[in-house]
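Student: Chain by chain, the residues run as shown.
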Amino acid sequence: MTSVMGAGPTPMNRPPQHGAPTQGERPVEPLVFEKSVPGQRGVDLPPLDVPRADLPDGLVGEPVAMPELGQHDVMAHYTHLSHRNFSVDANFYPLGSCTMKHNPRVNEWAAALPGFAQLHPLLDDEQIQGALRLLYETRCFLQEISGFDEASLQPAAGAHGEYTALKVIRAFFRHHDQEQRRIVLAPDTAHGTNPASCTMCGANVVAVRTQDGYTDLDDLRRLIDEHGPRNIAALMITNPNTSGLFDSKVGEAADIVHEAGAKLYLDGANMNAILGKTRPADFGADVMHFNTHKTFSTPHGCGGPGAGPIACRAEFSPFLPVPQVMMADDGSFYLDRDRAQSIGKVRSFIGQFGVYVRCWAYISACGADGLTNVAEKAVLSANYLAARLADVYEMPWFDPAAGRYCAHEFVTVPRRLLDKGVTLNDIAKRMIDYGVHPPTMHWPVHDCLMVEPTETESKRTLDHFVEVMLRIAEEIERDPESLGEAPSDAPIRRADEVAAARNPVIVWEA
Amino acid sequence: MTSVMGAGPTPMNRPPQHGAPTQGERPVEPLVFEKSVPGQRGVDLPPLDVPRADLPDGLVGEPVAMPELGQHDVMAHYTHLSHRNFSVDANFYPLGSCTMKHNPRVNEWAAALPGFAQLHPLLDDEQIQGALRLLYETRCFLQEISGFDEASLQPAAGAHGEYTALKVIRAFFRHHDQEQRRIVLAPDTAHGTNPASCTMCGANVVAVRTQDGYTDLDDLRRLIDEHGPRNIAALMITNPNTSGLFDSKVGEAADIVHEAGAKLYLDGANMNAILGKTRPADFGADVMHFNTHKTFSTPHGCGGPGAGPIACRAEFSPFLPVPQVMMADDGSFYLDRDRAQSIGKVRSFIGQFGVYVRCWAYISACGADGLTNVAEKAVLSANYLAARLADVYEMPWFDPAAGRYCAHEFVTVPRRLLDKGVTLNDIAKRMIDYGVHPPTMHWPVHDCLMVEPTETESKRTLDHFVEVMLRIAEEIERDPESLGEAPSDAPIRRADEVAAARNPVIVWEA
Amino acid sequence: MDYTQITPREQTAMLEAIGADNMEPLFGAIPETLRFRGDLDLPPARSELELQRDLTEMAAHNHGPHDMVCFMGGGAYDHFCPVLVDQLIMRGEFLTAYTPYQAEASQGALQAFFEFQTQVARLAGLDIANASLYEGATAVAEAVLMALNVTGRRRVLAAATLHADYLAVLRTYLSDLPVELVELPADGGRVAAATVRAHMDADTAAVVVQSPNVWGQLEDWSGCFDAAHEFEGTCAIAVFNPIASALLKRPGDCGADIAAGEGQPLGVPLSLGGPYVGLFAARKRFLRKMPGRLIGRTVDAEGRPAYCLTLQTREQHIRGAKATSNICTNQGLLALRATMFMTAMGKSGLREMAEQCYHKAHYLAGRIAALEGYALTFDGPFFHEFCVTCPRPVTEIVEAAKRRRILAGIAPHGRRMGGIGGPNDLLVAVTEKRTRAEMDALVDVLEELGG
Amino acid sequence: MDYTQITPREQTAMLEAIGADNMEPLFGAIPETLRFRGDLDLPPARSELELQRDLTEMAAHNHGPHDMVCFMGGGAYDHFCPVLVDQLIMRGEFLTAYTPYQAEASQGALQAFFEFQTQVARLAGLDIANASLYEGATAVAEAVLMALNVTGRRRVLAAATLHADYLAVLRTYLSDLPVELVELPADGGRVAAATVRAHMDADTAAVVVQSPNVWGQLEDWSGCFDAAHEFEGTCAIAVFNPIASALLKRPGDCGADIAAGEGQPLGVPLSLGGPYVGLFAARKRFLRKMPGRLIGRTVDAEGRPAYCLTLQTREQHIRGAKATSNICTNQGLLALRATMFMTAMGKSGLREMAEQCYHKAHYLAGRIAALEGYALTFDGPFFHEFCVTCPRPVTEIVEAAKRRRILAGIAPHGRRMGGIGGPNDLLVAVTEKRTRAEMDALVDVLEELGG
Ligand SMILES: Cc1ncc(COP(=O)(O)O)c(C=O)c1O
Ligand SMILES: Cc1ncc(COP(=O)(O)O)c(C=O)c1O
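Chains as they are written, first to last, in my numbering: chain V, 1 to 510; chain P, 1 to 510; chain X, 1 to 451; chain G, 1 to 451.
To be clear, the hints were calculated from the coordinates, so they are not data collected in a lab.
None of the hints are false.
Chain G residues, not near chain P, derived (Cβ > 10 Å throughout):
1. Gly-152
2. Val-182
3. Glu-230
4. Glu-372
5. Ala-375
6. Leu-376
7. Phe-378
8. Thr-389
9. Arg-404
Simulated restraints, written as ranges between beta carbons of each label pair:
10. X:Gly-419 with G:Asp-444: 47 to 55 Å
11. P:Ser-248 with G:Pro-44: 28 to 36 Å
12. X:Asp-201 with V:Ala-340: 28 to 36 Å
13. P:Asp-49 with G:Arg-404: 14 to 22 Å
The C-beta atom is built at its ideal place from N, Cα and C for all residues, glycine as well.
Make a model of the complete structure from these sequences and hints.
Tutor: Here is the structure:
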């Protein structure tokens, strides 16, 4: 890029280059299996210091064909792979709905402390008082932030939180002799996990129409009528919703749902936009999940681990999964495993403990004012980007002049650019050439980009992104076909995803 | 590269790419000072919990103009810089004389243990028994490996070891009323630190001719005669020498030197080639230094830290620098700071402790057989590369048919290729395009490359290097001018080093 | 420190670009009645130094395998992990990336996951594997759901010797579905093939057997799965331990159709039970019914090998309510960790690790069984964990060992293991990390309390 | 494990390519008489797990700031360092690279060192700085050597209040050279400008004054250096502490020509005294006489900013015996560490750190001075370290504090500090890490032993 652009925030981490560029060839990193040399080994073990026992007759197998690499080649291999990956650390990563914020390294340090990382999950409560305190305080933090009375740290991710919460809601209704409440309503823009979670607990999901980005309350009323109020278990919403808008009518929606005797479930994926500004319990939700890997900065790790703790009103308390972390009257902590009405266990042991260490550290670093500032800067950054790009990238629901702002993310359907003959994919892949990770695509509507900058990027980075997007728009004006070639400066050219699905190769066969 | 080449060992760590490749522009990473935004800050401190004291009149300065960056931008900045650096982890790095071997990560883990990394240097000996044991054992290891009676861990690097050892030799002679021994002989191919170290301790260095890569013993005799045996302090040699050859006549050289009443100093930079195969004390040396960052795998860290411990015969013991780590009769360890004849201190505190943790771990991992295998594989790898390349890259001193092998490294003066109109620099810079770090250049002779593969590279990597070198040779045959453009696939094109020296800019000024 | 970077002056400029006078309008969509106007009741913000202090302090209030000798297992094992794995996994390019939706920007993660899938499939002895599930218990539950889905049947037979938590989670997962879960009773710590046969019928979707099982005993997978397959289409689900697979016959070798298990032994820190990583492998015919992410190998526009997410039409974000699972975020970083671990240990390293577990466990079992008053609870073959019946309540033994800084094992009698054992039962696990001296020290403790 | 990767089969193939039957010919140049044919007497090779065990065990036999409260200074200080520095510095691209000889393959290191040079020059208040020397003492010695070299004179005045090790090293470095080293006596813990003046002559190459000095006292740099400059050409050498520079007047502000110092306070672990990093800055006119590596900013063939090693003709590998220093390998990784530390703390962070050191040290000094029997040994200004004269031998006090897990300070009476103080003197350092409660606990110990 020119010096102005080059002076941008993620200007370049062009690394050690390999290959023969004059031939226009791009090197390939072979698989560990291809690099394998019989007899090599990366790490050794101490000599066996006990006699060998007889191996059990008929039960012994052949050594498994794992790779055979020396230690240096192992280091080199995964170092090379790391160089073939975009990340928050090295790239602007505005993946909408995913809240790709900065991951403080002190949190990693904490989770790796031997006194945390090396605890066996079946230790006695008295041996893990420090860990239980951390879990208990995290539980309290989440209750305070959500305004709810109770929280459970069991679920392993957001989708698992949805599932757990729906189980809890069903248990609640069963307990109240309303087992027939099997229908869950969810907007047609809901995240895919919402309906999928319903299915997994035997609920039937029915889509509510959205209009202008918002849940259509008339349709909601209509559907409740149609299916019968007594059959509705819950409405699952996301707020701010998946169009990046805070739904002002959420209170009304809650009333409608409650009138039907059903519950309002909040998918808390977008909590980053409202921390300290409004609390789910205050706007009428009954149960929710958090995504710690979004809101509370636990690293995304190429797709997990996250955690999906749920929070809820007291009425659901008896039904929460076991174990629950508790404080005893003497100030000590324990795991309550005996809860007669509990839905039971939703995973082994006691949850994503290592993730909660990071979550605790993050919330503790921010404090109340910090969390509020997080929401403000997240919303500010998204609106700033939207305002600077709206002339070129159309945004159906963003109109500051009319007082219509976005929350922490915005959606653009760049129709004018697409009409020049490029695809949304072309635009996304071109962003890769500029070192920017493409936003979320085609959701909540077709042909859209959903852009979430988060609060931890500097203005310099945001400005750089604007320049990149404007430059891509210019390129489309000038030479739309060239975008079909993108990316031209990535480890690979465009991957053939159609071929991958047509003839799936899921494991390596030499 | 083609799939064969791409299947090489360091095929590609092309990373997140930034910039606008279609314009052929390459992004620039601004300095932290350029990224600075007033008011930003990367890390916070606890609130001050004591009253403020008056600041001293007239002594207080203005805040210093350090960069101002938020935490995320700090992470991004140095992550980007790391992507602009070749390393052993990601690249073949056959830098001759530098022994760029694999750096085991367990050694880093060890050095970072709080019980090592957080020790204050002025703690009492009884508080640091573990650390002193480690130092004492390291001292013993080095004595055993060299065959010497004594070792000192004080010197901070190889050059510092040379300096320290020369001081010790001078103190020895002073003690024996031979202060006039001020002349140090060294081959004309000696590493630059050898003469520079002589100067620093007030010795005069005189160059001995080398012939066919070896020290010319006739010239040695002549010079001793010329300057008078009683004025000679030492002969400084490197063996295997800086031409990558073990000098078979080292015993004879030792005899000549000893006959003159002088001492034989061994620059141990090339110990990797002879570990367990021959010991400096056995071949007549009196004093030597090790480079832990070469032979014992302490990481090179972009140029240090290393350590340059010295080993010597018992006669030098009284003169070694303080402190010396000792074992008491009761098996406890202590630092001996009272040595009347010691040359004194050569650095503050007690040396490069953290480096010795790694050194100890490395030697402990290898054991005796391992160290011998290190030497064997280092020598095997160098000879293999030499044999495969010798047809195309001429090697003055390598002729296996005549029984002339190299040690752990070899020197090529690729005269035929240079005669096609390329410079040595062109060849070196072209290697960068192939992901290989260029070898040492123009030393020990002009227009040479000195290639040291080390023992930790796989055959796959060695073969890949051969292909790269042959390919470059082909390119030179085909189109020598194109090499003048190299590197074409690095973060920058060729740096203008002449301009840098003509108009030196050593610090940033906005 | 809240890690934001925008200064007040920049905020002003940004608001100007937006056309807002201050921050309030940006939150204008939140009706005033719903606004939270108080201060969240959280502890004051902590600086990094305070975090370091407080977390060090909290960690110091925990005791476990880091400062005691660990013979605890029960589904989470204290294995060796080379330092290079810990260091590689901290690289920001892995730590701070997300699901590799954009293939061209994520080849590193994709290739590593493809390696993971291959390694897991090989350890399971099956054709294919996915890129991870949450952990062992949910992996088993997902396997059962897949079997139900594939067969359209309504009955599931699960060995009573499954890990207590796995059984509990399975109960939860099936509880709101029109499915019957039948527990296969054990006999002498194992489920007999005949028992499976006795419970089979044409509506049986799956038979689930874990080996080593909750008692550490090796089940007769082949026998049980043969019995299952007497009804065509029934899915034989093996719950497996990946370290055991490096030595013993693997699920696929014994006729399993699906294998699920806990990946924690593959270099994942114990970390009080999570985050771990669920392993999931199956025969090829299940490909389009698999839960979770699948990475496929393909080519790029120039024919170079490339990796990408594939068969996403199975997944929630495309298929919604009809998806094969609701899983989205999985356990990527742990899968990467396991990949690096398996690569670093390699073929012979994993084998040796498994052998050492076996020999050491048998050494200790032999010594304990020879003590007066102690006996092995079961007499079947075992891998690295075994149950001992002690001459007195196991709580006393555990307490006595604690005083010598030994974690003697797990009491399967307790709530944490589902209360499956007797009060005098002690479940002891031995990994390659344990030394003979450590084992002898445990024997000494037992001996003192014996007789 | 010796970390080699070549298998026996590969070795055979390689020998064949070389044309050797076995390994012996490759070592044929070593005469048989010189061959070592025995086995090195070293402990048996240790596996990684054994290394982990044994090193953990050795580390457990050490006690210091990691498990006690540290008031020790004396040239090495227990400062805070953010975790991100520890993690970035472990990136293999930095850890496993060497001196950036090849600019195009080393822009990362070069740019970081250029940032380091700029930061160090700014902290010193001088024009230029190099890319590091070994540590503080040799940096001071190199400064003196440079002054001798530049001036061609033969006399050096060094304050007796220099850190004892720095003086000792200086003595070593000058001992074989035709140079006179004169120690400037102190008065009340500081060197008076008049003392400098009294010792000056036309053959004086350099005047070396450290502030804060070995007693923690702030010297009158301006006065001393003015006195030095009364003879034209004499080099005023300031030995400085980089944290103090963030608050107090810097060497350059006080007339220094050269500044040298220990960079350990800038995020470098105490690590029992090393590896540390020597700081070296000077006025522009010394550019071509500087020891050590210098990174220059230049352009590449397309005009883009680029960095490279420059003025290498000063260095040993070009200039040999005439080089400005013999240094080759320096302290690269520690310089990178310091760079990251300074960038992360930033302008306000470094200032606040320095202020906290100052205020906390003065709080503690005030509290101790108020105790019966205790008095500050000197009455000059100080930064974060001060000397207390105690009512009894300081060894007793140090021992008593140890029992409370407090490292009370350093006894300057002892050999380790050159025996400069009285038996009842205690040197106490306070960094931003110390809390009021920790300081009050030390005061309690002193109080109990006082009176
Ligand atoms: C709106 C929304 N809901 C639910 C989820 C699922 O959360 P998880 O991926 O943690 O299972 C996501 C994650 O992307 C989401 O964006
Ligand atoms: C032969 C030789 N001698 C001495 C040295 C100097 O060692 P150091 O860089 O550790 O000071 C080197 C380093 O490159 C060398 O190669």
